[in-house]
Every structure is written in C-alpha cells, then in structure tokens.
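Peer 1: Whenever a hint applies, use it, and build me the whole structure from the sequences.
Just so you know, the protein sequences line up as chains A and B, in that order.
Numbering follows numbering that gives the first Met the number 0, with no gaps: position 36 of the first sequence is 35.
Numbering follows numbering that gives the first Met the number 0, with no gaps: position 198 of the second sequence is 197.
It should be emphasised that the hints constitute simulated quantities derived from the structure, not laboratory data.
There could be a bad hint or two in this list.
Claimed, not checked - Chain B stretches covered by chain A per the calculated footprint, using a threshold of three residues with CB under 8 Å from any CB of chain A:
1) 47-59
2) 71-80
3) 92-104
As the list claims (entries may be wrong) - Okay, the calculated bits of chain A under chain B, using three or more residues with CB under 8 Å as the criterion:
4) 0-6
5) 9-16
6) 88-101
7) 139-146
All figures in this text were calculated on a predicted structure; none of them were measured in a lab.
Using N, Cα and C, we set each Cβ at its ideal position, and we do this for glycine too.
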Amino acid sequence: MRAVWAVYKRELALYFRSPIAYGVALALFLFLGLLFTSNVSAGNGQAPATFLNIAPELLSFLTFLVAPLLTMRLLSEEAREGTLEVLMTLPMRELQFVLGKFLAVWSYYTLLLVVMLIYPILLSTVGILDIGQLVGSYLGAWLYGGAMLAVCLIWSALFEDQIVAAFLGAASVLVLFLAESAAIWASNQGILSGAADFIREFSLSAHYQSTLAQGVLRAEDILYFVLMIIAAIFITVRIVEIRRWRA
Amino acid sequence: MIEVQALTKRYGAVTAIDNLSFTAQPGQVTGFLGPNGAGKTTTMRILTGFMPPTSGAAIVAGYDVFTQSMEVRRRIGYLPENVPLYRDMTAVGYLMYLAEIRGLADRRKKAEAALDRVGLLYRAQSRIRSLSKGMRQRVGLAAALLHDPEVLILDEPTIGLDPFQVLELRDLIRELGQDHTVLFSTHILSEAEQVCNNVVIINQGHIVAQGNPADLRVELERGGRIFVRVNANPEEVRPIIANAAGVASVDIEGDHLIATPSSANIDPRPAIARVLVEANYELVELRPLAVRLEEIFLEVTQRQIQHPEEEPIAEVVG
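Peer 2: Okay, structure coming up:
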C-alpha cells in the first residue's frame, strides 16, 4: 500500500501541473457550461431537471477523448525515459505501480465529475431533483470513466509512443461504445441473433445510457464496469511484466 | 555478495550472455569489463531483478534474484546505464520519492545524507532537468546509496563525467567497496585497474578472463615475451639474443627486439643480459613486454573473436 500511495501522490500532483489535464478540464467545462445555460434558458422554468443526467452522460460519452488524453503518458513515458528500470528494481510489484497510476488518473477524473455536481446543486434551487437518476447517472459515469481509463492504460503500457497509445485508446473506447449499435444492426438484419445479444452485453451504452443514466441501478451494470476495471488492470500488469522481461 | 551460476540470457535467436559464472565478494570492488554490447548491462539487469535469465541462477545478498526478487531489491542499490530520472522533480524530491516507495523512515534525512555523500547537497532543491550530466549521474548514484544497501550495482557510472568528477567517483567507489559488495561495469580498463580488487572480463556474452588485476597480469606475463633494447643495430644483435638459453625466437620491431621464451616457465632475461654484456653491447632496456589490463583485454577479446569456441584463456582464482 505504501508504494501505491507514493506513486499515487506523485502522479496525481502531476495532473495539476499538466497542460493536457487543464486543457481537458477547460474544454469540458466550457462545453458543459454553454450547454447548461442554453438548456436552462430554453426550458425557461419548465423542466430544467432534464439536464440532471446530461452532464455525466456527456462526460461518459467524451471518455473516448478524455481517457486517452489523461492516460497516454502514464506508462509509456516511464518506458521511454527508462525510469521503469529504476522503479522495477525497487521493492515494488507491478501491481502496486500500475494501481498507483490508475488510482491517480481515476481520482483526477473523479474530481472532474465532482465539479460537475455544481449542475444538480444549481438545479435543486429551482426544482425537485430525481435522486435515483442523480445517483445512477453520476455513479455510472464514475465507473464508466474508471473502466475506460483502465482500458486506455493497457495501450499506454504497450506502446512507448504516447500518440499511438492515445489513438488506440480512443478507438477501443469507441468500439466498446458502438458495440450496441452493431448489435442492433445485427439483430435487425436477422443474422446472428444470439451473437447480437452477446455483443450488446459487451457494449458500454447498454450498461450505462439505457440503465444507470436513467436511474435504473442494476447490479449487473455495476459489475460490468468493475470487472472491466479489474480485467484491464490485470492485462496492464502482465504487459508491464513482459515489457521488462524483454527490455 | 553476488554469486552468478551458469547464467544465460537469450533474446530469440540472439544469445546475450552465455553460461556466465562469477562471484563478487563483500568488501571488494568487482569490475565488470567488456566492450560495448558484451552483455554487461543484460547481466546487471538480471542481477537487479529487472529481467529474468533464460537459465542459470544468481544469488545476491543471500537471495535468489528470480524467486526472491523483492528481498534482493531491498538489499541492492542500482545505477542503470543511462541514469533515468524524473526531470520534473527536484534532486531531494526524487530521492524522497524513492525512499517512500522503499518504505524508509526519516526520508528527508536519508535523501540529504545520500546527496551529501555524492557532494550534491548544495543542489538539493534544483530541478533535475536543470542539472548537468555529471550532476545527474551523481543524483543516480545517490539514489543507489539511499538505503545503504549491502550490494551496489553500478552500470558504467563514470561515463559522461569530467576528469575531476571521474577521479572523485573512483575514490567514492573504492571507499564504498570497503564495506559493501560493489559490482561496477566499465569499458575503461585503466579505471578497473585502479579501482577493482577483482575483474571479470566478458566478451560476446562469455567470460574470457577473471581474477584480480595483478594476478591477471602475472598470468599473462609468465610465458610472455621480453622487450629488449640495445644501443646497436637490432639486426646485428638478433642472432646473439637468439642464442641465449631459453629463447625460442627473436623478432625485430622498429628499434627494439621482442624475444619469445621457449617455455612459459622460463624467464630468459638473465641469459639475455649475460650474452649481450659478454658480447660488449650496451643493454638499455630489458623487461617483460608490458601487459596492462588494456592489453590483456585486447588480447583475450580478440582471441575470442578469432576462436569463439575457445575456453577462457586465463582463469585465476584471486
């Protein structure tokens, strides 16, 4: 735990000195702010509470940009700069190292999400909030982000080039996101109806946009994200091990 | 203590090190010598637990590097070849970070003590990116010394330092060698000769010679050739020297002669001196052909290239 904590502190502090992290936050909040203002003024007192799940939903959609940008340098830079050799000859296991890194980037993401709670707080002053939807959409976006950051971390472990890691990260998140559309298309074509359900169960949107974000809290959706985080961390740890063995 | 037993590492079809065995004793500095690409870094990476060997074993500080890697890592200080550092951190911040991962108490005190040891305490608060190459090298060394490890493994620690810093660092390594096991690699032979109690010379993944530098020299001088300079035309004195007892052949090299003894156990110098003086020649110089580590190195590594199958030519238990 001690080593995890040491890595975690350093990495998290780096996000507060990283232009990319500030860039991501700036773009996100600018966009959300404009959207919120237009939404509220368009509603004109009618039902501004519809914005409740828009902010976390938008963030989770944007993870295909946010997650690669936040994770791309996390592991690739250590390999490129050679510091991996220093760290992996310290009494620290790969899991501690990867976990410290992952928790740091997830914490930064969590912070973005916490700042986004400003919208429900503002909305609560003019209406009554749907607490179920609030909890579901924010909890879901938190797990969704964690899973996508973990998936993107795999690419950062695999490639020394940050740009390659970022592109493959973005592609993986989009594939997982669009899997539901692919499943719908497949079942509409009447082909692979069994496979279509299977593909759908793998998709991000089936476990978030249509359930958690609507305030439907199902154990299977939460489990989906948690298992994805565990699997991605496991794969990342193995890659770091293999990298070091072949260095 | 480092014990390496039949260590082999292959990368696909390439054999980086092949059946390496040697020992580095506590209280000694062991030099690990070889041309670039000989397998020094690979060996050190295996010893530090960074990568596993293909076969063979290594015991460092009493623990197996492969099965008890964490125990080994607690007890070694390692300076990797190109000294990777976090450039965004301050020197003291970097050391405190490593100390925290290592779980040390009194982190600031230990970090400052390590910087003091390498003479860099006055730059403790400087960002590593602003330090010169030599200073970074010393930060790396401080990182290796941070936890006062039993075993120090330093991969080419003097590269990139100015001559004054090199001298300082050699003194420091010698000093550390008194109460640590130090293994350091270099391709600068005079350095190994000055600093090491024991050298292991490797080439293309094989050990070609090992022992203490003085023993290695004796080993090669015995049976070695004799340098003769006479105040006369070498052509003229050549038959006279060739007639001396124990001389097998004489070659002329410029203004001097090289005599080869007929047997490795014979020192023909007294005989050569006698025949020359009896023939009324002025003998100016008579000595074993100087064998410095440089020459041993060139000789053993070249033999290895010509005859890759050959066994190590000099095995001296120092």
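Peer 1: Hint by hint, say whether it matches the structure.
Peer 2: Hint by hint, here is what the structure shows:
Residues of the stretch 47-59 of chain B with a Cβ under 8 Å from some Cβ of chain A number 5, which satisfies the need for three, so the listed coverage holds. As drawn, the stretch 71-80 of chain B meets chain A at 5 residues by the rule of a beta-carbon pair under 8 Å; at three or more, the given contact holds. Against chain A, the stretch 92-104 of chain B contributes 6 residues with a C-beta closer than 8 Å to a partner C-beta. That satisfies the three-residue criterion, and the hint holds. Closer than 8 Å: that is the beta-carbon criterion, and the stretch 0-6 of chain A has 5 residues meeting it against chain B, so the requirement of 3 holds.
Here the stretch 9-16 of chain A counts 3 residues with a CB under 8 Å from a CB of chain B, which clears the bar of 3, and the coverage holds. Figure legend: the stretch 88-101 of chain A, annotated as covered by chain B; annotation consistent (5 residues with Cβ-Cβ distances under 8 Å, at least 3 required). Coverage of the stretch 139-146 of chain A by chain B is violated. Counting CB-CB distances below 8 Å, 0 residues qualify, and the rule asks for three or more.
In the structure shown, a violation is registered for the earlier hint numbered 7 alone.
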